[in-house]
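Undergrad: Single-letter residue listing:
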Amino acid sequence: MNRVWSRIKNWLIAMGSPPHFYRWATSSLPWLAGLAVIVFCAGLIWGLGFSPTDYKQGDVYRIIYIHVPSAILAESIYIFMAISGFISMVWRAKIAGMLINSAAPLGAGFTLIALLTGSIWGKTTWGTWWVWDARLTSTLIMFFLYAAIIGLHSSIENKTKGDRAVSILAVLGVVIVPIIKKSVDWWQTLHQPSTFTLTSSPSMSPDMYLPLLVCVLGFYCLFIFMLTNGLRAEIISRERDKSWVKKQFFKY
Amino acid sequence: MLDSLQILFIMDGKGPYVWSCLLILIIIITINIIIPVVRLKRIYREGTLEE
Amino acid sequence: MTNRDSTLDWFMLVLRRDLTLSFRRSATYITPLIFFLIVVTFFPLALGPSQSLLSSMAAGIIWISALLSSLLAVEGIFSEDFRDGTLDQYFVSSEPVFVLIFAKVLCHWLVCGAPIILASVLSSVFLYLPSGVLFALIISLLLGTLFMSLLGALGAALSLGRSAILSAIIVLPFSIPTLLMGTAIMSAAINQQDYSGFISIMGAMLAIGIPGLCLLTVEAILLNYE
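Protein chains in written order, with the working numbering: chain E, 1 to 252; chain W, 1001 to 1051; chain H, 2001 to 2226.
If you are wondering where the hints come from, they were derived from the structure by calculation, not from laboratory data. Some clues are possibly wrong.
Cut-off 35 Å, straight-line C-alpha distance, at most; resulting in silico cross-link-like pairs (DSBU-like, lysine-lysine) [what the hints assert, rightly or not]:
(1) E:242 to E:161
(2) E:123 to W:1014
(3) W:1041 to E:159
(4) W:1041 to E:246
(5) E:161 to W:1041
Here are the simulated distance ranges between beta carbons [stated by the list, open to error]:
(6) E:28 to H:2009: 55 to 65 Å
(7) E:76 to H:2084: 37 to 47 Å
(8) H:2005 to E:90: 23 to 33 Å
(9) E:128 to H:2085: 54 to 64 Å
(10) E:157 to W:1044: 18 to 28 Å
(11) E:5 to W:1033: 31 to 41 Å
(12) W:1044 to E:151: 21 to 31 Å
(13) H:2034 to E:123: 39 to 49 Å
(14) H:2192 to E:178: 27 to 37 Å
(15) H:2135 to E:90: 36 to 46 Å
(16) E:5 to W:1019: 46 to 56 Å
(17) W:1019 to H:2034: 46 to 56 Å
Heads up, the beta-carbon is just placed ideally off N, CA and C, and yes, glycines get one too.
Can you build the whole structure from these sequences, using the hints too?
TA: Have a look at this one:
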């Protein structure tokens, strides 16, 4: 047990070094891409093509297979960023800072997908593009938080400094996001009765639920692939003056 | 076969909504995948031009 | 200073110094005040002078204006001290820096928050806010502007030497709970419900925010010394 733990620790420490991570990413990227494509497509095809039609909403409910996984990812990417922000603040691990920087655009993208598909779904079922529902509002705020993080990082010339600045924001965000969610819930109940909720009927049958699960899994796989893909570019652009990059990448 | 595809695409007239959602998903994901690839390519080009 | 001086003495020293500096320069407390009044004036101009409309929106208008003006005012809280090296002295001193930073934030709140609250009482008359809720307005703004000063100090530290709009983008999403709590207090007061629960929540947010945000601000200022 002890030896397993120490091996995991050594592996993690090795992954913290950019050259090692770059080599690992380059060799495993095709595998990650393959896995992501298989699970992602399987989930979407199953959900969009073969799951039964909802008796109340008809076929429009199939947007759930795009909307819900994106919304789940939007939140988990933020938590992921906060964890790596904490790591970068406490241990000053270089790779953790780069992780935030390459995860932020992905999180913003998934949040945007969740917002856009949600409003398309709302147009068909509620008749309006936007409702000031608690969940919609907190997702919109989430998007602003991502935008703040991206904006702050791009405004700071020195990238390591930018990493630390952004990790402060990410850590603050993870404290404040639950507060935002809670307060938006209260705000919503105070200002208007909740006529619309996105919560689907609790009696969701397994042949609707299982494809959704596969979709969520597929989105996670896709995120891991995209993150690795982005991190490679990030590493190279940060370390382009280091000798290992010159040796490996530019073949001097 | 063609009939069932037709049904899948139209989805009782709600097809455009569902497929536009899929389109949005694919566009945003593709953008997020392509940006790092382009960035890497550019660095590679600049790096080889320098010396 | 001899080593008998406690951290509290240092806290008071920084507070007194900053207060003196701000009172010598009247722009520090006049500018946010004028900004607040101008923003408040813009709402009736844009929405029309209808009394019922304005009185139902008054609380929200005052809150938004107060948030924006205290955010704008806190923008330059560190820039002067960073330039002339006073902040360096904080960091080389043996005292916990976040206490000194809190003294600065508190001073800023006293100098900018108090005039804004006075002006909000004035503008509540202009906007036909029901006069029974004045106490709720004052107490909610007292807590809210302090939280905004803390958040704004973090934003100012993160964007030290960069554009002011960046600081606003950073801080505004994080200020949403304060805004919602503040307006919740106001709408509860207008509907003559009990609002002490919301005040407790704001107090709890402040109790966590004062040490937490000051520590993060110190971390953010340290970035500029690398």
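Undergrad: Each of the hints needs a verdict: does it hold here or not?
TA: Status of each hint after checking the structure:
| no. | hint | verdict |
| --- | --- | --- |
| 1 | E:242 to E:161 | holds, 18 Å |
| 2 | E:123 to W:1014 | holds, 11 Å |
| 3 | W:1041 to E:159 | holds, 20 Å |
| 4 | W:1041 to E:246 | holds, 15 Å |
| 5 | E:161 to W:1041 | holds, 25 Å |
| 6 | E:28 to H:2009: 55 to 65 Å | holds, 58 Å |
| 7 | E:76 to H:2084: 37 to 47 Å | holds, 45 Å |
| 8 | H:2005 to E:90: 23 to 33 Å | holds, 32 Å |
| 9 | E:128 to H:2085: 54 to 64 Å | holds, 56 Å |
| 10 | E:157 to W:1044: 18 to 28 Å | holds, 23 Å |
| 11 | E:5 to W:1033: 31 to 41 Å | holds, 35 Å |
| 12 | W:1044 to E:151: 21 to 31 Å | holds, 28 Å |
| 13 | H:2034 to E:123: 39 to 49 Å | holds, 44 Å |
| 14 | H:2192 to E:178: 27 to 37 Å | holds, 30 Å |
| 15 | H:2135 to E:90: 36 to 46 Å | holds, 44 Å |
| 16 | E:5 to W:1019: 46 to 56 Å | holds, 49 Å |
| 17 | W:1019 to H:2034: 46 to 56 Å | holds, 54 Å |
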